[in-house]
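Number of protein chains: 2
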Amino acid sequence: MANVTLKRIAEQLGLSTATVSKALKNYSDISDETKRKVRALAEELNYKPNSFAQSLRNRESRIIGLITPEIVHHFFSNIIKGVIDAAEKSGYLVITLRSGESYETEKRQLRLLRDKNVDGILISLSDKTINYNHITELIKDGTPVVLYDKISKLINCPKVIINDRMAAYHATKHLIDSGCCAIAHIRGPLRPQTTIDRFMGYKKALADHGIEFCEDLVFETSHLSFEDGYEIAGEIIKCPIKIDGIFAFTDLLAAGALHKLKENQIAIPDEISIIGFSNWFLSSITSPALSTVDQPGYLMGQKAFELLLKDIENKKQGRPSTAEIIEIPTQIIPRDSTRPGR
Amino acid sequence: MANVTLKRIAEQLGLSTATVSKALKNYSDISDETKRKVRALAEELNYKPNSFAQSLRNRESRIIGLITPEIVHHFFSNIIKGVIDAAEKSGYLVITLRSGESYETEKRQLRLLRDKNVDGILISLSDKTINYNHITELIKDGTPVVLYDKISKLINCPKVIINDRMAAYHATKHLIDSGCCAIAHIRGPLRPQTTIDRFMGYKKALADHGIEFCEDLVFETSHLSFEDGYEIAGEIIKCPIKIDGIFAFTDLLAAGALHKLKENQIAIPDEISIIGFSNWFLSSITSPALSTVDQPGYLMGQKAFELLLKDIENKKQGRPSTAEIIEIPTQIIPRDSTRPGR
Numbered sequence: 090m091a092n093v094t095l096k097r098i099a100e101q102l103g104l105s106t107a108t109v110s111k112a113l114k115n116y117s118d119i120s121d122e123t124k125r126k127v128r129a130l131a132e133e134l135n136y137k138p139n140s141f142a143q144s145l146r147n148r149e150s151r152i153i154g155l156i157t158p159e160i161v162h163h164f165f166s167n168i169i170k171g172v173i174d175a176a177e178k179s180g181y182l183v184i185t186l187r188s189g190e191s192y193e194t195e196k197r198q199l200r201l202l203r204d205k206n207v208d209g210i211l212i213s214l215s216d217k218t219i220n221y222n223h224i225t226e227l228i229k230d231g232t233p234v235v236l237y238d239k240i241s242k243l244i245n246c247p248k249v250i251i252n253d254r255m256a257a258y259h260a261t262k263h264l265i266d267s268g269c270c271a272i273a274h275i276r277g278p279l280r281p282q283t284t285i286d287r288f289m290g291y292k293k294a295l296a297d298h299g300i301e302f303c304e305d306l307v308f309e310t311s312h313l314s315f316e317d318g319y320e321i322a323g324e325i326i327k328c329p330i331k332i333d334g335i336f337a338f339t340d341l342l343a344a345g346a347l348h349k350l351k352e353n354q355i356a357i358p359d360e361i362s363i364i365g366f367s368n369w370f371l372s373s374i375t376s377p378a379l380s381t382v383d384q385p386g387y388l389m390g391q392k393a394f395e396l397l398l399k400d401i402e403n404k405k406q407g408r409p410s411t412a413e414i415i416e417i418p419t420q421i422i423p424r425d426s427t428r429p430g431r
Numbered sequence: 090m091a092n093v094t095l096k097r098i099a100e101q102l103g104l105s106t107a108t109v110s111k112a113l114k115n116y117s118d119i120s121d122e123t124k125r126k127v128r129a130l131a132e133e134l135n136y137k138p139n140s141f142a143q144s145l146r147n148r149e150s151r152i153i154g155l156i157t158p159e160i161v162h163h164f165f166s167n168i169i170k171g172v173i174d175a176a177e178k179s180g181y182l183v184i185t186l187r188s189g190e191s192y193e194t195e196k197r198q199l200r201l202l203r204d205k206n207v208d209g210i211l212i213s214l215s216d217k218t219i220n221y222n223h224i225t226e227l228i229k230d231g232t233p234v235v236l237y238d239k240i241s242k243l244i245n246c247p248k249v250i251i252n253d254r255m256a257a258y259h260a261t262k263h264l265i266d267s268g269c270c271a272i273a274h275i276r277g278p279l280r281p282q283t284t285i286d287r288f289m290g291y292k293k294a295l296a297d298h299g300i301e302f303c304e305d306l307v308f309e310t311s312h313l314s315f316e317d318g319y320e321i322a323g324e325i326i327k328c329p330i331k332i333d334g335i336f337a338f339t340d341l342l343a344a345g346a347l348h349k350l351k352e353n354q355i356a357i358p359d360e361i362s363i364i365g366f367s368n369w370f371l372s373s374i375t376s377p378a379l380s381t382v383d384q385p386g387y388l389m390g391q392k393a394f395e396l397l398l399k400d401i402e403n404k405k406q407g408r409p410s411t412a413e414i415i416e417i418p419t420q421i422i423p424r425d426s427t428r429p430g431r
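Residue numbers (our numbering), protein chains in the order written: chain A, 90 to 431; chain B, 90 to 431.
Think of the hints as simulated: they come from the structure by calculation, not from any bench.
Being a predicted model, the structure only gives us computed values, none of them experimental.
Wrong hints could be hidden among the right ones.
[Said to hold, decoys possible] Just some of the chain B residues that point at chain A, by a computed CB distance under 7 Å:
(1) I160
(2) V161
(3) I169
(4) K170
(5) I173
(6) S179
(7) L182
(8) I184
(9) T185
(10) R187
(11) L371
(12) I374
[As the list claims (entries may be wrong)] In the BS3-like style, the derived pairs of lysine-lysine whose C-alpha atoms are separated by at most 27 Å in a straight line are:
(13) B/K217 - A/K178
(14) A/K205 - B/K178
(15) B/K331 - A/K217
(16) B/K351 - B/K331
(17) B/K114 - B/K229
(18) B/K331 - B/K262
(19) B/K126 - B/K114
(20) A/K349 - B/K349
(21) B/K114 - A/K205
(22) B/K205 - A/K399
(23) B/K178 - A/K196
(24) A/K196 - A/K405
(25) A/K205 - B/K399
[Stated by the list, open to error] Label-pair distances were calculated between CB atoms; the ranges are:
(26) A/E133 - B/R203: 30 to 38 Å
(27) A/S105 - B/R197: 44 to 52 Å
(28) B/K331 - A/S191: 22 to 30 Å
Idealized CB from N, CA, C, for every residue including glycine.
Excised from the complex, chain A in its bound form:
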């Protein structure tokens, strides 16, 4: 039955049955024009062979996949919530997987989701991801993919990001405006774009305000944890250059540093000012409360789902991906760990 249909469509359009089959399955090596013709005729003939029905079913599982580096994490759990809420409103369910910042796990999980015929995938790259073939191939094969937060510029697909460079620039400027002139940066590992961009924003703010950049004031951590912040603050205290400001990559690092400085009776913000990043809940309840950069995870999750939904629709209509990039605005939240601007 299925073959008869494919054959009839193929004959009428002067195509091979293989091409018709691929067009109905939305393969990327078939032109949009051909797909449109094949679908139109398939509908006109009112033939819904099993394979077509199956393919339709598969293309409409109304389940999407969400790969997140972490779950017990204020920022990422807000993103998960944003995705799940937005998806449910549109009649989609979400399979969530945690890569744990592992490249191998991320690859395996993409295969798992693909095997389940999810309608699309949202992914934030793990810090250890060293190449992007597993993602670009998925996109080439027709699975809508949206990157959020930790992205790569080398992957051509829709993305939801914040302007990390600009946000870091403003965080550093906030310290400079309040009178700091020897500003340390506690940064993350070298790989993800977010850490590179925040570091660049920090450097740019120094340069724009006539402060010389000094390599010795940049401290690199691998775990972005409270403990890492605590430990690095110990190095900051011992640093021969008298540091009077700290811009930390995340609030967790900043909270750890704050703890260490307080243990050493260092006055915050007067001796050393600190600003974090992300506006984790905990930053509002430390004492003093942490100044930070608000990075709206919930909104990022909602927007990521909206972009994915657009591309799922584009795929159904045989249109190419938008490759749209949405930039979520951030803002400085000044609290008590920094002085008011002069």
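Put chain B on the given structure of chain A with help from the hints.
Showing chain B alone in chain A's frame:
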């Protein structure tokens, strides 16, 4: 083809085709004995009619559903992580939904998951859930369900809980042992079993140590939030009875109360001691650090999945649910918001 098979099996076993069909679909109104006979013969005849294969496929989506009251929540996000990690190890994927403590949402989400033919469902009841028909019917129809954390004793299925009464007893005893004798309890709303049990544990500890229970020292909140704790601490300060200890339903409430007491220059733990519940990350970084009860969410998530997997297997084998109850041990984490025991 399907009918021929059903008919043959029915004839050989002296059953109706409807009964055979139901047995193959694992309906709950067919006895386990009959199901076993039908399945054995179906296998012996090596007949796998479409409906059977379909039913097998449906029964093996290898996707489970997880309904959680909240996602951005230290305890529940640990549970989600525990479930997802354990499921992935066993080759299962997890669709997560957030009920937001709404009974109507919870009902709708159970229907959604059922429509997707998930292999089983993990659910923590919303605070607003007023009856359990939506869950008991699901169980009766053969969907394996496991309750975790917020459960009802009226639902007969496997459960993973902590002994809230015992944990609250020990938290209150910790305050008594350190010299407190006018101990307030900040409790949650009346409905969920967890709030009832923690309240009972608090009362029992007072009684066992010769302290008279006083209704005026029990403060009820509806949101279990930092702000609620902050507000209630205001009432505690103004209370005509001089309160010297607080046992809060969660760390968030305790952290809010701590903040208010510090603002009012009340010495912690000397004037008022505070103990929270759950061992949220934030409780370790407040100043003073909060004493609390450790409630291992990750382990609870893992165990909940293990129980569900057992029942999925039981269902496949035509065995009844175990209705096993696992109690996760808790422990007191003494920090600086309470004095050492005498």
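Taking the hints in turn, this is what the structure says about them:
1. A distance limit of 7 Å between C-beta atoms decides the matter here; for B/I160 the minimum to chain A is near 4 Å, and the interface restraint holds.
2. Annotation: B/V161 was flagged as interfacial toward chain A, and the flag holds, the nearest CB pair being 5 Å apart, inside 7 Å.
3. Proximity of B/I169 to chain A holds as hinted, the smallest CB-CB distance being about 6 Å (cut-off 7 Å).
4. Hint on B/K170 holds. Least Cβ distance to chain A is approximately 4 Å, under the 7 Å limit.
5. A least Cβ separation of about 6 Å between B/I173 and chain A falls short of the 7 Å threshold, and the interface hint therefore holds.
6. The interface hint given for B/S179 is broken, as the beta carbon of that residue sits about 12 Å from the closest beta carbon of chain A, more than 7 Å.
7. For the restraint placing B/L182 at the interface with chain A, the shortest Cβ-Cβ distance is roughly 5 Å, inside the 7 Å limit, so the hint holds.
8. The interface hint given for B/I184 is met, as the beta carbon of that residue sits about 5 Å from the closest beta carbon of chain A, less than 7 Å.
9. At a threshold of 7 Å, the smallest CB-CB gap from B/T185 to chain A is about 5 Å, leaving the interface hint in force.
10. With 7 Å as the threshold, the beta carbon of B/R187 comes within range of chain A, its nearest partner Cβ sitting at about 6 Å, so the hint holds.
11. For the restraint placing B/L371 at the interface with chain A, the shortest Cβ-Cβ distance is roughly 5 Å, inside the 7 Å limit, so the hint holds.
12. Because the closest C-beta pair between B/I374 and chain A is about 6 Å apart, less than 7 Å, the hint holds.
13. For the hint pairing B/K217 with A/K178, the CA-to-CA distance comes to about 21 Å; that is within 27 Å, so the pair holds.
14. Restraint check for A/K205 and B/K178: the C-alpha separation of about 16 Å stays at or below 27 Å, so the hint holds.
15. Taking the CA atoms of B/K331 and A/K217, the gap is near 56 Å; set against the 27 Å cutoff, the hint is violated.
16. With a C-alpha separation of about 17 Å, the suggested pair B/K351 and B/K331 falls inside the 27 Å cut-off, and the hint holds.
17. Of the pairs offered as hints, the one joining B/K114 and B/K229 holds, with about 13 Å between alpha carbons and a cut-off of 27 Å not exceeded.
18. Between B/K331 and B/K262 the CA atoms are separated by roughly 19 Å; this keeps the pair inside 27 Å, and the hint holds.
19. The hinted pair formed by B/K126 and B/K114 meets the criterion: a straight-line CA distance of about 13 Å does not exceed 27 Å.
20. Of the supplied pair hints, the one linking A/K349 and B/K349 holds, its CA atoms being roughly 24 Å apart against a limit of 27 Å.
21. Restraint check for B/K114 and A/K205: satisfied, since their Cα atoms lie roughly 23 Å apart, inside the 27 Å limit.
22. Restraint check: the Cα-Cα separation between B/K205 and A/K399 comes to about 23 Å, which is no more than 27 Å; the hinted pair holds.
23. Distance hint between B/K178 and A/K196 is fulfilled; the C-alpha atoms sit about 15 Å from each other, no more than 27 Å.
24. Straight-line distance between C-alpha atoms of A/K196 and A/K405 comes to about 26 Å, which keeps the hinted pair within the 27 Å bound.
25. A hinted pair counts as satisfied when its Cα atoms are at most 27 Å apart, and A/K205 with B/K399 qualifies at roughly 23 Å.
26. Evaluation of the 30 to 38 Å hint for A/E133 and B/R203 yields a pass: the beta carbon distance comes to about 36 Å.
27. A hinted range of 44 to 52 Å for the beta carbons of A/S105 and B/R197 is consistent with their spacing of about 46 Å.
28. Separated by about 54 Å at the C-beta atoms, B/K331 and A/S191 break the suggested range of 22 to 30 Å.
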